[in-house]
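Using the sequences plus the hints, can you model the full thing?
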Amino acid sequence: MGNTNNTAGGWGFLALELDGVAGGASALAAAVLAAESAGFHAVTFSDSPAQGRLNALQRAAFAGPLTRSLVLIPEVDTAYTEPFHASTQLASLDYVSGGRAGWIATAEDNPAAAAAVGRSYVAGDGLAQETAASIEVSRRLWDSWEDDAVIQDVASGRYLDAGKLHYVDFDGPGYSVKGPSIIPRPLQGQLPVLVPASLVGSGLVEPSAVDAVLVSAPTAELLAEEVRDVRDRLGGASPAVVVELDVVLDARGQGAAQRLGDESSALGEPGSGGVDGARRARFAGSAADLADLLTEVLEVADGVRLHPARFDIDFEELSRLVLPELRRRGVLAPVPPDGTFRDLLGLERPASRYAATAVGN
Amino acid sequence: MTQHSRAKYQPSGKLQFGIFFQGVNSGTIWKAAESGSQTDFESFRRIAQTAERGLFAAFFLGEGLRLREHLGRPHELDVAGRPDAQAMLAALAAVTSNIGLVATQNTTYNDPADLAHRLSSLDLLSGGRAAWNIVTTDNAWTGANFRRGGYLDHADRYTHAEAFVETAKRIWDSHDPAAGQWQRVVHEGQHYTVDVTPRLPRSAQYRPVLFQAGDSPEGRNFAARQADVIFSAHPKLDDALDFRRDIVERTLDAGRGASDVKIMPASEFILAATPEEARDKKAWVRSLQIGPQQAIAYLEQFWGRELGEYDPDGPLPEIDPVVEETSETRGSGFHGAKARQLADQWRAEAKEKGLSIRQFVSAKTSRVDATFNGSYSEVADRLVEYARTGAVDGFNISPWLIPTGLDDIVNHLVPALQERGVYPTEYAGSTLRENLGLATPERAESAVGAAPSEARV
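Chains as they are written, first to last, in the working numbering: chain A, 1285 to 1645; chain B, 21 to 477.
Since the hints were derived computationally from the structure, they do not count as laboratory data. Since we're looking at a predicted model, the values are computed, not measured. Each residue gets a CB set at the ideal place from its N, CA and C atoms; glycine is no exception. Careful: at least some of the hints might be erroneous.
[Said to hold, decoys possible] Beta-carbon label-pair distances, calculated as ranges:
| no. | chain 1 | residue 1 | chain 2 | residue 2 | range |
| --- | --- | --- | --- | --- | --- |
| 1 | A | 1621 | B | 92 | 57 to 63 Å |
| 2 | B | 196 | A | 1509 | 56 to 62 Å |
| 3 | B | 197 | A | 1572 | 42 to 48 Å |
[Claimed, not checked] Which chain A residues face chain B? A few, computed with CB under 10 Å, are given here:
| no. | residue |
| --- | --- |
| 4 | 1364 |
| 5 | 1382 |
| 6 | 1403 |
| 7 | 1449 |
| 8 | 1468 |
| 9 | 1522 |
| 10 | 1604 |
Next comes the structure, spelled out in structure tokens:
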């Protein structure tokens, strides 16, 4: 077992992308329960504008009270959203899920998304700068209430201790945010933040601001090499690495290749919906071969985010054949009861950055 | 728009309840042994499920935009720390099945396309139970948390809000189910521009229900044109009847039907088995809502200076305010006033009634007319009058305890009202629109691509 990864125990985790769950709230509820009982560690929620796609953070919040151990990771755009709202929404998700929230910080590279909110289109490095700024705003706001800011001190009549609340005074690209947050510190202190690798690097989103990077490659065979390259590029204190992989499995008496042929129009180009516009690798084949590939990838990566080509069909094969095989091989991290996302990533709960500073600042 | 005959308003004879989980202010007691967390999901789940057991029509959440301040630093004395309304309501949608989910969202620090999309998402996730309580906020102090900043003139707030709401309605109207397509919605206004092809279908109740709370003439006209429900500030029976007459008039003037806008005033219930117990309970509630520190802090915001040396159980301060205009606790919704004049007036009032600082502030901060205090049957009898006269369609209740603050109401008052035939005995349907007795909007196809309202005003 390779130990280049840094998840708890040196194993990897599996995240399941829920896009393509059709049929409304009851289908979403059924899907998250099925994902949890199948042994997935996490589910992710795409949020790029697409017909019929509900707001990702709300879908994740809806899943919160229904699940016990499943980590819930919505995409939330950083280019055209209000950072203060995004921060509050993500902290709220952490509360409704009992500390199981994460954030895939995306940067919508799309003129239509800019026009929808009447903003100028941001492209190139500007996107990474928006992402960096939004993450910094959230991280400061999440720390702006120290853990013990709610004192409920009857003797002094104080519900809050103002000395443990902090202005964040963020000055960024064209805007500023005063703070403090409107909601107490999230249960995890800081939610784990995942960012597409293409946005991370020197002059972009600093690797130290990120808990995990999402890595894509043109083909499944190139994934392990790409993971090593990203780790080299990001240097010593590299964040965790999560690999993006589309999956088309032999299913219901049809080979994956045949399904690809039959459903090519429905399935589209491989990975055409990638979070950073990059093509995602696609695996097409048998459950046994996918188990081999995931075993190889989890030797070097900390986790894999699986995108089923057809949710209903491929999820069935994943839960029936692939996950049991990976568990048998001892490749998957255990799912701790009442664990947080930070626990899964092997991250300590950090102290607030403001905890040591002078009172009242 | 359909032209209705100027039919007389017909009372429905029924009342509905909503619950407003305030999250911020002195009305929520945090000092009692029963006071629960303001943030833990279990508090929200407990009170929402209790409300649903009591067939409440709606569960309201406020919106936090900036933490309140007192004399330049965060205000310490009241509960604070609110979750994002829509994220919390989406979670509650998973553990409730009939109650409406109302998110307060401002029109200043949101974008119409984004907000309309999120509200549609909540509406679809909840099977048609979402509502939007429309508020306007316009100060630079709040704007300091937002990239949009505090750009809005106070005078423009309803023009802006109305253009925002009409754009949102066009987005919700844009889906043509027959064609399986969405029409592009373009708005170019004074305050913002929108160019979006929406992407969500309509919900089981067509689109989110719209609540509004403005009370000025402009606010009332806005509600008469745009809202489905007014979260009003007129709970006293005669005031409520006046307000109803006024709103019916304005609603008819706007070309809508006399019953098209429902009215639910903000209210507080302090109940017990007997009148005596209810009186004692009220004294206990008031003592915990306004403690000595809150009483002093309340005056400090109008005096603009620290008044810590004054005895909360003594008379009002004889020194004068140091400010011209009141420097109220920011974010609390107080309006400015001439400080000196106000101080003179209050000192005279307190002296005449023989009130201490604490008694005076308690009387000022608790809306006497919004409090229903008495035995279950006494209060039920009073409420029957509201139903009979059609003064209101229901009450939006702010519980003074979280999460057990509805238990008395659901266990005792609701059955008493049901016995009197003025409260539902089951949910009328699964959507908020059905449960409030609101008609389903008709798709204004022509309006989707029409000129924005700002061009007309």
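Do the hints match the structure? See the list:
1. A:1621 - B:92: 57 to 63 Å: violated, 46 Å
2. B:196 - A:1509: 56 to 62 Å: violated, 48 Å
3. B:197 - A:1572: 42 to 48 Å: holds, 44 Å
4. 1364: holds, 8 Å
5. 1382: holds, 7 Å
6. 1403: Hint holds; residue 1403 of chain A Cβ to chain B Cβ min 9 Å, cut 10 Å.
7. 1449: Because about 5 Å separates residue 1449 of chain A from the closest Cβ in chain B, which is inside the 10 Å limit, the hint holds.
8. 1468: holds, 5 Å
9. 1522: The hint is violated - residue 1522 of chain A has no Cβ within 10 Å of chain B, the shortest such distance being about 31 Å.
10. 1604: violated, 26 Å
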